[in-house]
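Line by line, the protein sequences give chains A and B. End of the first sequence sits at 164 in our numbering; the numbers just go up one at a time, nothing left out. End of the second sequence sits at 456 in our numbering; the numbers just go up one at a time, nothing left out.
Possibly wrong hints are sitting among the right ones.
Said to hold, decoys possible - Calculated pairs, DSS-like style, for lysine-lysine (alpha carbon to alpha carbon, straight line, at most 30 Å): (1) K343(B) to K162(A); (2) K418(B) to K162(A); (3) K50(A) to K343(B); (4) K129(B) to K50(A); (5) K239(B) to K162(A); (6) K50(A) to K239(B); (7) K199(B) to K162(A); (8) K72(A) to K371(B); (9) K79(A) to K282(B); (10) K371(B) to K343(B).
Said to hold, decoys possible - Here are some chain A residues pointing at chain B (derived, C-beta under 10 Å): (11) V49; (12) Y51; (13) A63; (14) N65; (15) L69; (16) T71; (17) S88; (18) R104; (19) D120; (20) T124.
Stated by the list, open to error - Reference listing, derived: stretches of chain B covered by chain A, where coverage requires no fewer than 3 residues with Cβ under 8 Å from a Cβ of chain A: (21) 100 to 112; (22) 300 to 311.
Since the hints were derived computationally from the structure, they do not count as laboratory data. Note that CB positions come from ideal geometry on N, CA and C, so glycine has one too.
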Amino acid sequence: MNFSKSFRNTFLVILLSLIVSACATKKTTTKVEGQMQGDVYTGTDTVKYLADGVPDRVFFATNESILTTKSRDTLRKQANWLRENSSINVVVEGHADERGTREYNLALGERRANAAKDYLITYGISADRISVISYGKERPVDSGSNPLSWSKNRRSVTVKAN
Amino acid sequence: MIRIINLFFIIFFLLSAKAYSLIEIDITRGNLDPLPIAVSPLFQDDNSKRNSINELKIENVGSEISLVVENNLKISGLFNPLSKEAFLQKPDIAHLKPRFEDWALIKAQALITGKVTIEDKKLKVEFRLWDILAGREMMALAFTTVPSNWRRVGHIISDKVYERLTGEKGYFDTRIIYVSEEGPKTARVKKLAIMDQDGFNTKYLTLGNELVLTPRFNPTSQMVTYLSYFKNLPRVYLLDIETGTQEVVGDFPGMTFAPRFSPDGKKIIMSFAKDGNSDIYTMDLENRIVERITNHPSIDTSPSYSPDNRFITFNSDRSGYQQIYVMKSDGSNVKRISFGKGLYGTPVWSPRGDLIAFTKLHKGKFYIGVMRTDGSGERLLTENYYQEAPSWSPNGRVLIFYRETKSNDKGEGFSAKLWSIDLTGYNERQVQTETDASDPSWSSLLSN
Chain A
3 MNFSKSFRNT FLVILLSLIV SACATKKTTT KVEGQMQGDV YTGTDTVKYL ADGVPDRVFF
63 ATNESILTTK SRDTLRKQAN WLRENSSINV VVEGHADERG TREYNLALGE RRANAAKDYL
123 ITYGISADRI SVISYGKERP VDSGSNPLSW SKNRRSVTVK AN
Chain B
9 MIRIINLFFI IFFLLSAKAY SLIEIDITRG NLDPLPIAVS PLFQDDNSKR NSINELKIEN
69 VGSEISLVVE NNLKISGLFN PLSKEAFLQK PDIAHLKPRF EDWALIKAQA LITGKVTIED
129 KKLKVEFRLW DILAGREMMA LAFTTVPSNW RRVGHIISDK VYERLTGEKG YFDTRIIYVS
189 EEGPKTARVK KLAIMDQDGF NTKYLTLGNE LVLTPRFNPT SQMVTYLSYF KNLPRVYLLD
249 IETGTQEVVG DFPGMTFAPR FSPDGKKIIM SFAKDGNSDI YTMDLENRIV ERITNHPSID
309 TSPSYSPDNR FITFNSDRSG YQQIYVMKSD GSNVKRISFG KGLYGTPVWS PRGDLIAFTK
369 LHKGKFYIGV MRTDGSGERL LTENYYQEAP SWSPNGRVLI FYRETKSNDK GEGFSAKLWS
429 IDLTGYNERQ VQTETDASDP SWSSLLSN
């Protein structure tokens, strides 16, 4: 009697944990899907803010330096903020993910940082207020080796220089 | 810092009996049947042993030198050094006149014997290479140097034996410069490090205060060019290894990177990035004249000269993706040479001139491969999760590169290590380093 009861309990526990873990798996998958469009990161995990409502970074597709609609929106907010704070200068850091050769990634990071810089200039920010630096793949924010981590690392980040 | 100490060679006699010798190794093919060789400990008398302890804190430097030789021959993949326990003849007697039947009995085909003396703060080494099957001496050499140089003596003996038996120069008396890595991926600390080819005598050339990348030797292996983020300005630097003096290369208003010396050592070739575009430039180290070599809105990087200085291979995405190109060294006649599936990067011209080694990325895998300089005959040597940046051994027979492992979602399990592989695609092995390591560059042969 006792034996069968404990057996049934164990069975229930196993069944329950299976259901819970199934839910957990499902939850993370949808979370990943919600954070990437194509292979461009659209989440907010790593994003910091230069001011209220002014995100500091934009994200890129693999091997690309094209600005997405969302990136352009972010950069317009940065341009507005820079116009309102004319004494602030910035450095735009360009970054790449770990799935490329080191030297090409240095060039790619520089290209990404300049894509962001050029957009800020188009919106009226003087070129001498913006400097760029490429870190290639040397400074990832997410140390995982998976598509979501890589998407967070393909970025340009606008940082206050003074 | 690293002193290229003069080695005084006294060549006793060098029998060039190649035409008659029975043993010979073909290194152009994968060697699955390494040559059985016996490396007898170099004999040292009691007086020298006492001096050895005083000078080096090593009791039997003769045995230690023979271990250096044995290890070199083993990692070349071409030799099978036999266990010393099976040796029947004592080192001093074998060195005078080996009993060939005894060595043939343990299946040795070649034998190395020698003698070491330390007197008046000088290390004197003589060694002989014997052909067991033919029953005679193939080579005998002696040299004198400072005692602290004893590991180099082992490397030089290895080079002489390798050259005598393969007909090609060795690569053992060489160094590797690389980037030592420590700490988590998001805050990696990188230092320039230099070590002997076999992983010994590691020295750190920078402190890790700033990010450093891609060091490369000049042809005499006394200078290094590399990328440093000193004061957060990524620029190509030049470092004199012996004096430790450093200087920025050129006066560029932006990032310079991917540096390499020209084979005559007179120029540095590199990329300069401006306004999102990277092109290739050279700077003459004597008159400081800067020349622009490419002018294209795409990324042009990873330049490498042909050994005769006449051509440059480089990496460009002008076709839309990373591919390998060759041009004349004035920038004319640009031709794409990589046409296989996937992306190609880090082309580097072989010191023999006939091949270009590269990194290839295809379907999420990274390969180290070689192709002829017109792009034909592509051959992939090794496939892995991540590996790149091959550098040639000075004889053009071995490639060293770095390999990274995949991390889990928390960033654990990541490592970066140096590996080497023969041009044949055989003999892949990890190169020992004190820390994690990347961006290796192989020196020229130091004792030439």
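Looking back at the hints listed earlier, which ones does the structure fail to meet? 1, 3, 4, 11, 12, 13, 15, 16, 17, 20 and 21
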